[in-house]
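Chemist: Based on the sequences and whatever the hints tell you, model everything.
Sequence lines, in order, name chains C and U.
Under my numbering, the residues of the first sequence are numbered 1 to 201, in order.
Under my numbering, the residues of the second sequence are numbered 202 to 312, in order.
None of these hints come from the bench; they were simulated from the model.
Hints should not be assumed to be uniformly reliable.
[To be verified] Derived Cβ-Cβ restraints for the label pairs, each shown as a range: (1) C:R200 <-> U:E251: 49 to 55 Å; (2) C:V98 <-> U:A308: 26 to 32 Å; (3) C:A16 <-> U:E240: 49 to 55 Å.
[As the list claims (entries may be wrong)] Residues from chain U that face chain C, not an exhaustive set, calculated with beta carbons under 10 Å: (4) L230; (5) G272; (6) R273.
Keep in mind the model is a prediction, meaning the values are calculated, not measured.
Every residue gets a Cβ at the ideal spot worked out from N, C-alpha and C, and that includes glycine.
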Amino acid sequence: MKTPQSDARPPRWAEAILRMLLRPHDRETVSGDLLEEYRDTIVPTRGRAADLWYIRQVAWYLLRASWMWGTLMGAALVIRYLLDTLVPPADYKIRATVLSWTLLGVCVLAGFVTTWRTRSMRAGVLASSTAATLGALVSIVGTAMMLAVWHDPATLVEWQRSGGVEEALIDVPLKVVAFGIAMGIAGAALGKGTSRVTSRG
Amino acid sequence: MAEVLGTFEQAVLLEVLRLRDEAYGRAILKAVQERLERELAAGAVHATLERLEGKGLLSSRLGPGTDIRAGRARRFYRVQPAGIRALNDARRTFNNIWRGVKWPVTALESL
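Modeler: Shown next, in the form of C-alpha cells:
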C-alpha cells in the first residue's frame, strides 16, 4: 500500500545537485539511499522540515568536493596579506603574480579533479565556484583578524601601499569568486576531455 | 600487518557484519546511527564505505531497487578477509591499551 510519504519528493534542484556530485558508480545507489531515508524516516518524523534535512545532506557532498581547495585558496590569500603586513616588499608585483598563479592552479585543479571523478562538467564548475567562495570567506575573516591585531599607523600605511583595506575585504574576494567560476570552467573542460580520452583507451 | 582502522571505520565494518545479507547503504546508515546514538550525515557513511572498499576490506554488489527509492538500485556490502583481520587487530590493540585499568576510570585507584 502506498502512503503519502512514499510519494514525497525532495527539492528537485537539490536532488539534481546531489546526482551531479556523485561518481557514476554511486549515482543510483547513493541517491536511492537518501530518497529512501527521506521518505521512510525523515518525512514521517519531521514533516515540512524534511526538505531542510535533504538540503543539508547535499551540502555535505558539496563541501566534501570543495573544502580542501577553498582552504588552500583562503590560506594563500591570508599568507600573502600576512607577508605584506610583516615583511613589506619594495615591489608587490612578484607576490601578486605568485598569488594569482596559485589561485589559478587551485581553481583549475578543483574543476579538473571533480569533473574527472564525477564525469560531470557542471559538478566541476560548481566545486570550483564553491571553493572560491570558501576561499574568499576565509580571506575576509583572516584579513579582519589581522587588522584587529595590527592596526598601528605604520601598518595601515603599508596596507594602503599594497592596495588598501577595501581591496582586501571586498575587491579581492569578489574577483576570487569570478576567477573561481572562470578557471573552474577551464579545469572542468580539461577533466571532461581527459576522461573521454582515457575511457576510449 | 592489517589496516589500522579508525573508530568510525570499525563501527561501519561491524554493522556490515551484523547486517549480513541486508547490508546496503541506508540500512548501514541507520544501524550506525543507532549504535553511536547520534545523527550522522549520510555522506559520512557513504564516504567510509567507499574508502573501506578501496582498501579491499569490503566488497560490493548491486541489488534491485524498491518502490520507496523510486526503483534505484541498492549496493550491498560484504566484509572481506582483510576486513576481518583489520577488525581483530583493532580489538587486540584496544584490549592492550585498556589492560590493567578498571572501568569506569575515576582516578589513580583505577590502576
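Chemist: Work down the list of hints and note, for each, if the structure agrees.
Modeler: Hint by hint, here is what the structure shows:
1. Take C:R200 and U:E251: their Cβ atoms lie about 26 Å apart, and the range 49 to 55 Å is violated.
2. Range check, C:V98 to U:A308: Cβ separation about 55 Å, and the 26 to 32 Å hint is violated.
3. The supplied range of 49 to 55 Å is broken by C:A16 and U:E240, whose beta-carbon atoms lie about 24 Å from each other.
4. Look at U:L230: its Cβ gets to within about 7 Å of chain C, closer than 10 Å, so that hint holds up.
5. Because the beta carbon of U:G272 sits about 8 Å from the nearest beta carbon in chain C, less than 10 Å, this interface hint is met.
6. At a threshold of 10 Å, the smallest CB-CB gap from U:R273 to chain C is about 3 Å, leaving the interface hint in force.
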